[in-house]
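Build out the structure end to end from the sequences listed, making use of the hints.
Number of protein chains: 4
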Amino acid sequence: MNETMITIAGNVATELRFVRSDRGTSLVSFRLASTPRRYDRNQGGWVDGHTTYVTIVCWRTLAENVAGSLHKGDPVVVFGRLRVENWEREGKTGTTVEVEAQALGHDLSRGTSAFRRTRREQR
Amino acid sequence: MNETMITIAGNVATELRFVRSDRGTSLVSFRLASTPRRYDRNQGGWVDGHTTYVTIVCWRTLAENVAGSLHKGDPVVVFGRLRVENWEREGKTGTTVEVEAQALGHDLSRGTSAFRRTRREQR
Amino acid sequence: MNETMITIAGNVATELRFVRSDRGTSLVSFRLASTPRRYDRNQGGWVDGHTTYVTIVCWRTLAENVAGSLHKGDPVVVFGRLRVENWEREGKTGTTVEVEAQALGHDLSRGTSAFRRTRREQR
Amino acid sequence: MNETMITIAGNVATELRFVRSDRGTSLVSFRLASTPRRYDRNQGGWVDGHTTYVTIVCWRTLAENVAGSLHKGDPVVVFGRLRVENWEREGKTGTTVEVEAQALGHDLSRGTSAFRRTRREQR
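Protein chains in written order, with our numbering: chain F, 1 to 123; chain P, 1 to 123; chain S, 1 to 123; chain W, 1 to 123.
Keep in mind the hints are simulated off the structure, nothing from the lab. All residues carry an ideal CB built from backbone N, CA and C; glycine is no exception. Incorrect hints may appear among the rest.
[Said to hold, decoys possible] Computed list of chain S residues with no C-beta within reach of chain W, every gap over 12 Å:
#1 R17
#2 V19
#3 S26
#4 G45
#5 R60
#6 E64
#7 A67
#8 H71
#9 T118
[Said to hold, decoys possible] Simulated crosslink set (DSBU-like; lysine-lysine; CA at most 35 Å straight-line):
#10 K92/P / K92/F
#11 K92/S / K92/W
#12 K92/S / K72/S
#13 K72/S / K92/W
#14 K72/S / K72/P
#15 K72/W / K92/W
#16 K72/W / K72/F
#17 K72/W / K92/S
#18 K72/P / K92/F
#19 K92/P / K72/F
Written out as structure tokens, the structure reads:
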């Protein structure tokens, strides 16, 4: 089996969290809120569905570009690997739902963007 | 924004749970375990990654066919809507990660299947 | 950039074409017809949309299992890599739209399947 | 069956073509080139795969924002509906591969973007 890939569109729901690892690798994470809208036949109009929250994680060049481009509230489209982790720590349990982004951009269905290419990165 | 669609391949990790609602609607759910394999350049071979568990939910005709076809351990491919829910109940909190299946089948990369079409359902 | 992955559900529209390469590798291909249905607000009902045809290509173990399981008319769900090729041959031009399947199964929203696992393959 | 959704990342390969219909609806289309890179075990490095070209089609607000944001050569990520059409016209035949975009953005793995939200559109 391969990685589980996912595309999710939504709004940046938190401030960005920027970390640089000991080895100097950049890492940015934030929460994304995705609220589907669907046509309701009975009401004869569009209604909001349940909001799904996931944590978006970006590494290296993508992390640096995201740190210089995204702000809380921005609409984005994210493509990446889904990873669900069930953890246990100090007697507590929880579940982390993460998408490690491979491609990510401001959603132009919501506004315009001025793009500036960075010098070619090593991938 | 639209629903967040996802395709996930893995193994049925639990027995099926079959419920019929008061209104007579069929519902089947089970846990799916998805373990990606990736080529490790350093080791020069394929290695297992982290296993992601999600709950698969099937409704109506799909639920009935799934109940008559799937068993614990079977390899399947599932396409459906992702929904992450953070809940709080009796002082406890948790997170549910569900995929509401729209299409689902035994994965023929793992074996063979003999198919029998049901009479045309209303969708 | 990564491969472009796609999930497509539809019906097997042709007989299967089975080939064994000089090196003994199995290859199966067939045409898949996918017809979306959408709710039409004006008509107040579901209507068929445009039918998309693509060529599904399966290799090795998947090819062998598909050859032993699928028949023309069967409903399937396919996950794989999309590849569009514009070709020119003997003064003619054309476009081939292929999905190289990674996972593929009978769609249980249309019927039931009896599955038999093959012995563990090398991937 | 539902629409076949696809996420594709690549570069804008042509100038944008902007059209306004008789009814005043905006429509933008362009060609997208997507070249996968994969790790080649034998060569011990990353190599380019086959380039897939598709036509991206954007409507209404998305079309207007795309017209004001994208340029030939820009790296983008596109999520939308796949549609393959086999046509015949004046004795010639051909195949059109289109993605009707629902969400589309500059790919921040390649550079930075400054975003400006348009006033809330009706969807």
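These are the hints, each one checked on the structure:
no. : hint          : verdict
1   : R17           : holds, 19 Å
2   : V19           : holds, 20 Å
3   : S26           : holds, 22 Å
4   : G45           : holds, 16 Å
5   : R60           : holds, 17 Å
6   : E64           : holds, 24 Å
7   : A67           : holds, 24 Å
8   : H71           : holds, 19 Å
9   : T118          : holds, 25 Å
10  : K92/P / K92/F : holds, 10 Å
11  : K92/S / K92/W : holds, 10 Å
12  : K92/S / K72/S : holds, 29 Å
13  : K72/S / K92/W : holds, 29 Å
14  : K72/S / K72/P : holds, 29 Å
15  : K72/W / K92/W : holds, 29 Å
16  : K72/W / K72/F : holds, 29 Å
17  : K72/W / K92/S : holds, 29 Å
18  : K72/P / K92/F : holds, 29 Å
19  : K92/P / K72/F : holds, 29 Å
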